[in-house]
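Q: Residues per chain, in single letters:
2 protein chains.
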Amino acid sequence: MTAAPETTVSARFLGLLARDLPPDRLTTDPAELAAHATDRSGTPPGGEPLAVVRARRTGDVTVTLRHANALGIPVVPRGAGTGLSGGATAGEGALVLDLSGMNRILELSAEDQLAVVEPGVITAELDRAAGTHGLRYAPDPASAAMSTIGGNIATNAGGLRCAKYGVTRDSVLGLEAVLADGTVIATGRRTVKGVTGYDLTALLTGSEGTLAVITSATLRLRPTPVATATLAAWFDSFETAAEASYAIARAGVVPALAELVDGPVLHAIDPALSERGAALLVVQCDGAGAAAEAAAVARVLAPLASAVQSTEDPVEAEALLAARRLALPALERLGRPLIEDIVVPRSRLAEAVREIRCISARHDVPVFTIAHAADGNLHPIIVVDPTLDRLPDAAWEAAGEIFALALRLGGTLTGEHGVGVLKRQWVADELGPTAHALQRRLKDVFDPRHILNPGKGL
Amino acid sequence: MTAAPETTVSARFLGLLARDLPPDRLTTDPAELAAHATDRSGTPPGGEPLAVVRARRTGDVTVTLRHANALGIPVVPRGAGTGLSGGATAGEGALVLDLSGMNRILELSAEDQLAVVEPGVITAELDRAAGTHGLRYAPDPASAAMSTIGGNIATNAGGLRCAKYGVTRDSVLGLEAVLADGTVIATGRRTVKGVTGYDLTALLTGSEGTLAVITSATLRLRPTPVATATLAAWFDSFETAAEASYAIARAGVVPALAELVDGPVLHAIDPALSERGAALLVVQCDGAGAAAEAAAVARVLAPLASAVQSTEDPVEAEALLAARRLALPALERLGRPLIEDIVVPRSRLAEAVREIRCISARHDVPVFTIAHAADGNLHPIIVVDPTLDRLPDAAWEAAGEIFALALRLGGTLTGEHGVGVLKRQWVADELGPTAHALQRRLKDVFDPRHILNPGKGL
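Chains as they are written, first to last, in full-length UniProt numbering: chain A, 1 to 458; chain B, 1 to 458.
Honestly, the hints are just simulated from the structure, not real lab data.
Being a predicted model, the structure only gives us computed values, none of them experimental.
Hints are supplied without guarantee of correctness; some may be wrong.
Claimed, not checked - Some but not every residue of chain B turned toward chain A, in silico, with C-beta under 10 Å:
#: 1; residue: Ala110
#: 2; residue: Thr155
#: 3; residue: Ala157
#: 4; residue: Ala186
#: 5; residue: Thr191
#: 6; residue: Gly194
#: 7; residue: Leu200
#: 8; residue: Ala249
#: 9; residue: Ala296
#: 10; residue: Ala298
#: 11; residue: Gly455
#: 12; residue: Leu458
As the list claims (entries may be wrong) - Listed next, the stretches of chain A that the computed footprint assigns to chain B, with coverage defined by at least 3 CB atoms under 8 Å from CB atoms of chain B:
#: 13; region: 97-111
#: 14; region: 175-188
#: 15; region: 233-243
#: 16; region: 248-257
#: 17; region: 332-346
#: 18; region: 415-426
C-beta atoms are modelled at their ideal positions from N, C-alpha and C, and glycine is treated no differently.
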């Protein structure tokens, strides 16, 4: 009896990897395969991956991709697996390329306010290392303590501070990346400005591992603000809190963060919290003008809020932010959270929230909402029974209506989590047929055989 | 006698444009052709363009490109022609697509802090319109009073304020653009965040008219700062001024602008100015913390400068900035300025300046230098005899050494002016062969027949 052709190809691929990679890189241990098959979204991968390569050097990536490309083996690049859209799910026959072991900070220049890091560096660790030089890495996705820089770049991750400091793309100066055929390219530069050539750095940022595998990144660091002032305001309705958030923008203040938490989330964290109001807005201002800006924010909030607390003490500030940080763990206690990530123009935030409440009622699906209010970035979270094999139809339909709502209000399907597999069926609606077709042709330039993270993103 | 084949194709092209465009769009008037053949760099175009299409609507652009693509006619998109790298030069047989007449502000939303504009809107006019709503358009290239938004996007223009607010790309949320074959695409969105699909907006920004013709842009506006504080400091040497500029960064201050002017430029503006010092550094801080930040800057400058003046009065601030604004007009009185635009990592600014002085001495070519110091963006300006037909060899060699210097110090050929034709021969050195080849393949996706601004950029 001869092996089926696909088995032969897979076996040949694994043989080549075993031959050409250092001995500790390749594993087919079933426990490892299972641990690398999905991400924090819990999306079922559809089968078992072929193997995991634990890359330690750029050379491991080039060897792996060269063979995979020659043999047409799908490759799923992976950082810490904290993605929320299924971008790192690896199904039947796929090779998982685990970059979490490429975790060295190669350079940290206080003079040039930049760092050169491998993709597996944990985001919060880079921020901590920068902190010893009076600097910080501004992007702070909620997963920062676990997620990797490579994964952050793959999804163009946001976070709380991007209200003022921009998303991951705004902190990426240059990249080293490996194309599908194993070619290494360098993009961008070590300077904050530069226009030689097309902006491949921005093109790779947010491409969810479908164009190239990032093996190093030159990242911008920024001075740690000299002062911080934090306010927490309670409101009688989520809509009023949303309106308060854009009254802050209208007053000309750019807060460092502005986080909105709705009543059901407050209740999930602690029923006592939800007795204080139907919504909580936490605003932080930073820099030399922090206190003056916080005072301006307090004046804007006063007529709208039922209570406002403020502090310039960092420990008290953390206590005010605690409700926001506890939101996801609290919802995870209730079931499996399906975290949506829509963005609407800032002025439509209150309208979006009203519509989401209608969608929730219509489908009888509880929706919990937190928002990065300054960006118009809403996370409506549908919590489903974790024992179910697949999402209930009602949850799926509610999610679809939430996406349609985002597009109708002039917004987007995903602000910072990426398309992954979960939002893929709505992508063409947002991009339109012409831009969608153009994007597919760009994919062909980078990855003509479509081995890089197939089925994700576009 | 029959016409040569190329004449037939050109004539056929002009016939199709005359048939399909509204009557006032097409001109072959020799005075118009001459006026549209080069840009502010004064680069000789090498022949006379075929015709000028003065587009008024997106439809004019699609008609023009559809016919040009079918017949293989080169098209040079053009805004106000204020480019400094020859990006809008249009030689023998090229069609000039003049977008300066598409100059409507289509929308200005104070609530969402954005504007939707046609590409021919003058940059300063958008900023002024935003000002009536307490907002501003942050990018402020020195040409802002004349240059267009479309041209700014084509070169990813910088300016003074990008020290704090980023370059043009950081203010472009979305674009409408026409591909070479006449297809209209929409990129990006109306929200500050969003990761659906690859970042075509960033890819088109800085592409110098070689990928698509921009017909509308959705631009981010920002609140006008509540306060501004300005300092001017005089130094005994340019190197000390450069060192002072990064001492500001080291102190954790992000100034709104930090402009450096060297002694020869001061002398060209007014010999009395150069008696005050060998270099001038003008720093502006803005926002609620402006005064506190300016005080911190003054403390940093005090031990290094020979004199420091400061003001919070906007009229006095303009007087302090006047020397910087007068630099280019003053040099234009001396001859034809060839303005270089290199960027080096901030910490290498003083070293770059020393090396530029050596290059100047070695080739006996006077080099005048101004710099956006916070970005490490230097403009070494070689002034040549305007009566010469071509650049003297010594000027060309000095320019080449300045580019090599930028790359050696880990910098780039161009920070904000673009490659155009003038820097083209050095592009491959910066990008490296692999990234260069990849960029050419991207060009093929957008413009397979290479009709869009041929000979520019890559």
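Q: Each hint: holds or not?
A: Status of the hints after comparison with the structure:
{"no.": "1", "hint": "Ala110", "in the structure": "holds (7 Å)"}
{"no.": "2", "hint": "Thr155", "in the structure": "holds (6 Å)"}
{"no.": "3", "hint": "Ala157", "in the structure": "holds (9 Å)"}
{"no.": "4", "hint": "Ala186", "in the structure": "holds (6 Å)"}
{"no.": "5", "hint": "Thr191", "in the structure": "holds (4 Å)"}
{"no.": "6", "hint": "Gly194", "in the structure": "holds (4 Å)"}
{"no.": "7", "hint": "Leu200", "in the structure": "holds (7 Å)"}
{"no.": "8", "hint": "Ala249", "in the structure": "holds (7 Å)"}
{"no.": "9", "hint": "Ala296", "in the structure": "holds (7 Å)"}
{"no.": "10", "hint": "Ala298", "in the structure": "violated (13 Å)"}
{"no.": "11", "hint": "Gly455", "in the structure": "violated (15 Å)"}
{"no.": "12", "hint": "Leu458", "in the structure": "holds (7 Å)"}
{"no.": "13", "hint": "97-111", "in the structure": "holds (count 3)"}
{"no.": "14", "hint": "175-188", "in the structure": "holds (count 6)"}
{"no.": "15", "hint": "233-243", "in the structure": "violated (count 0)"}
{"no.": "16", "hint": "248-257", "in the structure": "holds (count 5)"}
{"no.": "17", "hint": "332-346", "in the structure": "holds (count 4)"}
{"no.": "18", "hint": "415-426", "in the structure": "holds (count 6)"}
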